[in-house]
Structure formats: C-alpha cells, structure tokens
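Number of protein chains: 2
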Amino acid sequence: MSSPSTPPKRPLTLRDVSEASGVSEMTVSRVLRNRGDVSDATRLKVTEAAKRLGYVPNKIAGALASQRVNLVAVIIPSLSNMVFPEVLTSINEVLDETPLQPVFGVTNYLPEKEESVLFEMLSWRPSGVIIAGLEHTDAARAMMRNADVPIVEIMDLDGDPIDAIVGVSQRRAGREMAEAIIKAGYRNIGFMGTNMPLDHRARKRFEGFSEALADAGIEIADQEFYSGGSALVKGREMTEAILKRSPGLDFLYYSNDMIGAGGLLYCLANGIDVPGQVGLAGFNGVELLNGLPKQLATMDAERHKIGRAAAEIIAARSRGEDAPQRVELMPKLQFGDTLIRS
Amino acid sequence: MSSPSTPPKRPLTLRDVSEASGVSEMTVSRVLRNRGDVSDATRLKVTEAAKRLGYVPNKIAGALASQRVNLVAVIIPSLSNMVFPEVLTSINEVLDETPLQPVFGVTNYLPEKEESVLFEMLSWRPSGVIIAGLEHTDAARAMMRNADVPIVEIMDLDGDPIDAIVGVSQRRAGREMAEAIIKAGYRNIGFMGTNMPLDHRARKRFEGFSEALADAGIEIADQEFYSGGSALVKGREMTEAILKRSPGLDFLYYSNDMIGAGGLLYCLANGIDVPGQVGLAGFNGVELLNGLPKQLATMDAERHKIGRAAAEIIAARSRGEDAPQRVELMPKLQFGDTLIRS
DNA sequence: ATTGTCTATGATAGCGCTAACAGAATTATC
DNA sequence: GATAATTCTGTTAGCGCTATCATAGACAAT
Chain A
68 MSSPSTPPKR PLTLRDVSEA SGVSEMTVSR VLRNRGDVSD ATRLKVTEAA KRLGYVPNKI
128 AGALASQRVN LVAVIIPSLS NMVFPEVLTS INEVLDETPL QPVFGVTNYL PEKEESVLFE
188 MLSWRPSGVI IAGLEHTDAA RAMMRNADVP IVEIMDLDGD PIDAIVGVSQ RRAGREMAEA
248 IIKAGYRNIG FMGTNMPLDH RARKRFEGFS EALADAGIEI ADQEFYSGGS ALVKGREMTE
308 AILKRSPGLD FLYYSNDMIG AGGLLYCLAN GIDVPGQVGL AGFNGVELLN GLPKQLATMD
368 AERHKIGRAA AEIIAARSRG EDAPQRVELM PKLQFGDTLI RS
Chain B
68 MSSPSTPPKR PLTLRDVSEA SGVSEMTVSR VLRNRGDVSD ATRLKVTEAA KRLGYVPNKI
128 AGALASQRVN LVAVIIPSLS NMVFPEVLTS INEVLDETPL QPVFGVTNYL PEKEESVLFE
188 MLSWRPSGVI IAGLEHTDAA RAMMRNADVP IVEIMDLDGD PIDAIVGVSQ RRAGREMAEA
248 IIKAGYRNIG FMGTNMPLDH RARKRFEGFS EALADAGIEI ADQEFYSGGS ALVKGREMTE
308 AILKRSPGLD FLYYSNDMIG AGGLLYCLAN GIDVPGQVGL AGFNGVELLN GLPKQLATMD
368 AERHKIGRAA AEIIAARSRG EDAPQRVELM PKLQFGDTLI RS
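Residue numbers (the working numbering), protein chains in the order written: chain A, 68 to 409; chain B, 68 to 409.
Bear in mind the hints are in silico, worked out from the structure with no lab data behind them.
Check each hint, because a few of them may be wrong.
One copy or two, either will do: identical chains are not told apart, so a pair holds if it fits within one copy or between any two.
Below, simulated BS3-like cross-link-like pairs (lysine-lysine); rule was C-alpha separation at most 30 Å, straight line [stated by the list, open to error]: (1) Lys399 to Lys250; (2) Lys311 to Lys361; (3) Lys118 to Lys399; (4) Lys399 to Lys180; (5) Lys118 to Lys180; (6) Lys180 to Lys112; (7) Lys311 to Lys372.
Using the sequences and the hints given, assemble the complete structure.
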C-alpha cells in the first residue's frame with residue numbers, strides 16, 4: 068500500500084500515466100481497458116504507475132472517442148412509493164453483472180417532467196432506456212423512437228409500446244380481483260384509491276375492476292379518493308369515512324396495499340370482523356403486509372421480476388443478442404385472510 | 068406541431084442543425100445553450116430547425132469541451148430501507164431547481180462495492196459527490212480527496228469528514244433515547260437490531276445507547292439481532308423471542324422503526340400493555356408509524372433535511388458560493404404513546 | 001537469406017462539442 | 001463622416017480519449 072499521492076492541481080490524464088510509465092498513451096489506454104495485446108512487463112509498469120498517481124480515467128473523453136456509453140437511463144415516477152425503489156433494486160442487481168450502469172430519473176408523475184428528464188438523459192447517449200408506463204408526451208415518444216437504443220417500457224401492459232415492454236396488465240389485474248371478490252360472494256363493494264389522474268396504472272386497475280363488476284351486473288357502491296399524506300393514515304381515515312357513510316358495504320378494494328393496511332388496522336381496532344363483516348383487498352404484494360396481524364388479500368405486482376426482465380433485455384440488446392419484445396408477467400392473487408369467508 | 072421526422076440513421080449533430088438553419092455550428096451551440104448574444108431572427112431559425120430535426124445535444128461532447136459536467140454522484144448503501152429513497156427524494160427536489168442532475172449508486176453496505184461505484188462515478192467527473200457515512204476504504208478516501216470537487220458525507224456525524232458533512236450524531240441519538248428511557252423509570256431494558264456489522268450508523272446508535280445506560284449503572288438486559296427478511300415480521304418474531312426468554316424486561320429499544328412497529332403489533336395482538344407492562348421505542352420517524360394503532364416512540368432522523376442540506380451545499384459550491392462545512396441536525400425525540408407511562 | 005505470421009507498440013486522426021478570439025455588421029458619438 | 005462602441009456571427013484549436021492503421025521486432029517455415 069503506497070500512501071496516496073499529493074492532491075494534483077491539474078487533473079491527471081492518460082498522458083501523465085504514459086509519461087510516468089514510459090510508454091505511449093495508446094498502450095496505457097489498452098492496459099487500463101484490458102484490450103489488445105500488451106506484454107506482462109508493460110502491463111505491470113502501467114498499472115503500477117496508474118495506481119501510484121491515483122489516476123481515474125475520464126469516461127467522458129472515452130465515451131466520445133469510442134461512441135460507447137455504459138449508462139442505462141431509468142425513468143420512474145416517484146421514489147416515495149416503495150414499488151419503484153424495489154424495481155430499481157432489481158435493475159441494479161442485473162446490471163451489476165454487466166458493464167452497464169443505471170442512472171435514475173424521477174418524474175413526479177408529470178408528463179412534462181418526464182419529457183425533460185428524458186431529454187436530459189438522452190443527451191448523455193445512454194445504451195438503453197427503461198421507463199415506467201406507456202403514457203408519454205408526443206415529443207417524448209418521438210425522442211425515444213429516434214434515439215436508436217433499446218427502450219423498455221415497464222410496469223404496464225395495456226397500450227402500444229415504442230419498442231420492448233415488460234409488465235403486468237393492470238386492467239386484467241383489476242378484473243381478476245373483481246372476479247375473485249364476486250366469486251367469494253360479496254356484492255356491496257366499495258373502492259378506495261389515489262386521486263391521481265396521472266397514475267395510469269392505478270386508473271387502469273380501477274377500470275378493469277369496474278368492468279368486471281359491471282359484467283356481473285354489479286356497480287361500485289361507494290368510493291373514496293385521497294392524495295398526499297401518509298397512505299396508512301389515509302387508509303384508516305377513508306375506511307372510517309366510507310363505512311360510516313355506507314354501512315352496508317361488505318367489501319373494500321384498495322388501490323394499493325398501504326391504504327389497505329390502514330383499512331385493515333382500522334377494522335381490527337374497531338372490532339369489525341374481517342372478512343366476516345367486511346372483506347378487504349389491496350394491490351402490490353408489499354412485504355410489509357406479512358407483518359400485519361392479519362394477512363391482507365393482495366396481488367403481487369411482480370415488480371422484482373419486472374426490473375430483472377427489463378434490465379436483462381437492455382443487457383442482451385447491448386451485447387448485440389436479441390431479446391424478447393414483450394414480457395407479460397402474471398400477478399398472482401394472494402388470498403391472505405381477508406377475502407375468503409371461512 | 069410538425070410531425071416527427073423520419074428516424075435518422077446517422078445520429079444528428081450540431082452540424083446538421085447548422086446546415087438546416089444556415090448558420091454556423093457555433094451560433095447553433097449558442098442558441099441551444101442560451102449563451103451569448105444571438106439575434107432574435109437567428110435564434111428563431113435555429114430553434115425551429117432543431118425542433119424539426121428532433122436534435123438532442125450530445126452532452127458528452129459538450130462536457131468534454133467545456134470541462135463542465137452537471138452530474139452529482141449520490142452514493143447510498145441500499146434502496147430497501149425507505150430512509151434512503153427519502154433522502155434521494157429531497158436531493159432530487161433541491162437539484163431540480165439547479166442545472167445539476169443526481170446520479171445514484173448503491174453499495175449494498177459493502178466497502179469494496181462503494182469503492183468501485185465511486186471510481187465509476189468519478190470517472191464521469193461529476194460536479195460533486197454526496198455519500199452516506201464516514202467509513203470508506205483508504206482508496207475511496209484518496210479518490211475523493213483527489214477529486215477536487217465538493218464531497219458531502221451524510222447521515223452520520225461521528226468521525227472525520229473528508230470535506231463537508233451533514234447529519235445527526237448517531238451516538239448521541241442513542242444516548243438521548245437511553246436517557247429518556249431511564250428518566251421514564253425503566254430499568255430492565257432489551258435491545259433489538261440488525262446484525263449488520265457494516266451498518267455503522269446502527270452500530271453507533273447502539274454504542275451511544277449502551278454508554279448512556281452504563282453511565283446510569285444499567286446494563287442491557289437482553290438483546291436480539293436479525294438480518295434479512297421483512298423487518299416487520301422480524302420485529303414480531305424477535306419481540307416474541309426476547310419476551311419469552313426474559314419476561315422481566317420492561318422496555319424494548321429497536322434500532323429501527325420497522326422492527327419496532329412489528330414489536331408493537333405483536334404486543335397489541337398479545338394483550339401486552341404498552342407502555343404499562345413494556346415500553347417501546349424505535350428510530351427513524353418513518354411516516355408509517357402514524358398509521359399504527361398506537362404511536363411508537365421514535366426519533367426523527369431528519370433525513371429530508373439531510374438530503375436538502377447536502378444538495379444545497381453541492382449546489383452552492385458548484386455556483387462558486389461558499390457553503391457550510393458541517394451541518395449538524397438534531398433528531399427530535401417523539402414520545403408517541405409507548406414511552407411515557409401515564 | 002526470404003517470406004510470412006505473429007505479437008507488441010506507436011502515430012495519426014478524429015469523436016461532437018465549446019472557449020477564446022477575430023471579424024463583420026450595426027449603431028452611437030462627436 | 002470618421003471613429004468608437006456595440007451587437008452579432010464565424011474561425012480555430014483543442015477537451016482526453018480510442019479506432020485504425022502502420023511498423024518494429026521475434027520467431028517459424030521455406
């Protein structure tokens with residue numbers, strides 16, 4: 068372990084390493100990238116000099132010269148909803164085993180923000196783009212079509228992809244839940260969800276849910292929407308409100324597990340028999356639910372698989388291999404303890 | 068709205084826009100960056116041509132030429148612990164109002180991984196680095212010292228910073244909680260936490276906690292450690308185990324709120340009077356707690372403020388302004404319903 | 001020796017932009 | 001009307017790397 072060199076004023080370049088090791092810049096470059104034939108003796112000299120100087124290659128120059136960038140743009144609506152960090156984690160895991168590096172951008176569910184984040188990211192000429200959802204501004208679509216790199220739209224499956232797509236049909240997920248609820252004998256069904264017109268996935272689940280109910284001749288008996296605040300608290304509050312207003316409800320469907328968990332805790336705390344008096348279900352399959360006193364019925368959104376599959380498509384395509392254009396994952400209904408009356 | 072142009076085979080460059088608009092590349096560059104004087108007429112021609120062609124500037128070339136990069140490296144241990152996405156969200160918020168763009172890297176609490184992520188990030192010559200914790204490999208420290216950009220170490224305050232530092236004293240946070248517990252009259256105290264030797268912040272809290280107890284002549288009566296799995300579930304399980312093993316415990320301190328919440332739910336479900344029989348406290352002040360039947364005593368880790376302050380330091384420094392070298396935030400003890408016996 | 005085949009290294013020419021300066025066009029000043 | 005000041009636009013020369021081709025040396029086959 069040599070002690071670190073004194074802080075350089077002028078930033079180090081290949082030339083410095085080249086001079087320090089007595090070989091050409093080209094050879095240094097070869098050694099540092101492990102490319103081409105270099106004798107062991109030179110290799111040693113160079114790595115030694117590079118380490119001694121504390122040289123860090125300049126990828127900007129490298130990328131410009133080689134026209135290759137190892138970045139993958141990953142664009143998601145939010146970090147507050149645990150779903151997205153989980154997707155990111157999976158993407159990370161997969162890309163860790165490749166030369167690729169994810170770069171994250173957050174849109175706050177705003178199409179214009181998405182467009183600007185995308186523009187910014189594309190200007191770094193990434194090797195691929197993973198982006199949540201299918202709804203984008205015209206300009207954003209055009210940029211992605213023109214970018215000439217693999218684009219993977221994730222999470223949602225209901226719509227026309229630009230390039231590749233990985234996700235679950237949100238509409239169908241809503242449908243399946245509705246069908247399971249009907250089959251379990253519930254008829255007086257309330258819905259609670261976010262009041263976020265730009266969360267297209269929640270919207271599509273809701274649409275699928277209502278459609279399936281309509282097919283069975285059932286209408287949603289009551290509904291509540293919220294925005295902002297702690298989801299768990301909102302779940303309690305909305306559940307209290309909806310049950311006070313519509314005491315006849317026998318089932319409550321929540322558009323996500325956090326508000327569902329809030330609702331469940333409310334029912335348990337207030338002596339409401341679940342699912343005897345009221346059945347409950349959420350969506351996402353968040354890990355949190357396992358720790359609750361009762362297991363909330365939910366549907367696993369397969370977000371880890373989604374992240375993996377998307378990253379694998381980018382990785383494969385960037386290696387020149389081909390990869391699936393469409394990966395449909397099937398969310399599994401987990402009945403838990405709140406859907407089937409025993 | 069002109070329809071998008073046909074997908075170009077050869078990627079567009081400034082030259083294409085220059086030719087399309089009949090001015091020099093330099094003028095196009097000026098228009099696109101809003102820099103220097105350009106007549107309105109030319110400006111219009113250029114923006115029009117750029118939009119029509121769907122030109123996206125190449126920041127790689129731009130950065131190389133200008134020696135300016137608008138990226139800020141943000142390095143955190145994990146995305147699974149909500150604390151970090153929350154910090155990222157705040158960093159994002161602040162940087163959104165600047166020309167800077169965060170780039171995230173995840174280390175999985177591994178020093179070697181941190182070193183490699185850091186190396187990778189520094190090779191893009193970012194305008195600043197925000198990195199969690201004060202513990203790094205020697206090589207990592209050397210790289211940061213040599214990088215000649217602002218470095219902000221966050222979350223923790225107990226140790227020697229490389230450059231700037233923003234956080235809370237974890238040791239002191241542990242101390243304060245211990246003191247509050249003692250003051251409330253508890254004497255038989257159990258501890259539960261992660262078994263992660265590399266989570267230095269949890270370790271320091273634990274140390275501060277034990278020290279303060281020792282000062283009062285108290286020793287930790289029993290303890291449990293976990294790793295992996297759903298924290299809420301682990302909280303239940305550990306609580307059950309520790310209470311069975313040491314029925315005399317009158318207080319349980321959890322190293323984070325998720326396991327604390329699990330413990331609280333376990334106690335409530337099993338008719339254990341909280342805080343009459345057993346007092347409880349966690350750490351972090353996660354929003355989730357607000358939705359629980361009882362409010363768990365905790366300490367707000369100020370992670371939003373940490374993110375904001377760190378990003379503001381980078382932003383200020385990158386504008387050439389000066390900024391604080393050390394920001395100490397004071398975690399506030401929130402007593403909730405589980406610490407003070409009424 | 002002659003030619004060919006490797007292996008190891010170097011020289012050259014950009015990658016697509018922008019900094020810095022130069023110059024043309026326009027307006028102001030006396 | 002001449003000069004200076006003020007726009008505006010263009011020219012040149014890199015930024016720090018890598019692709020590509022050239023070349024020198026080592027060795028083998030002929």
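Which of the numbered hints above does this structure break? 3, 4 and 7
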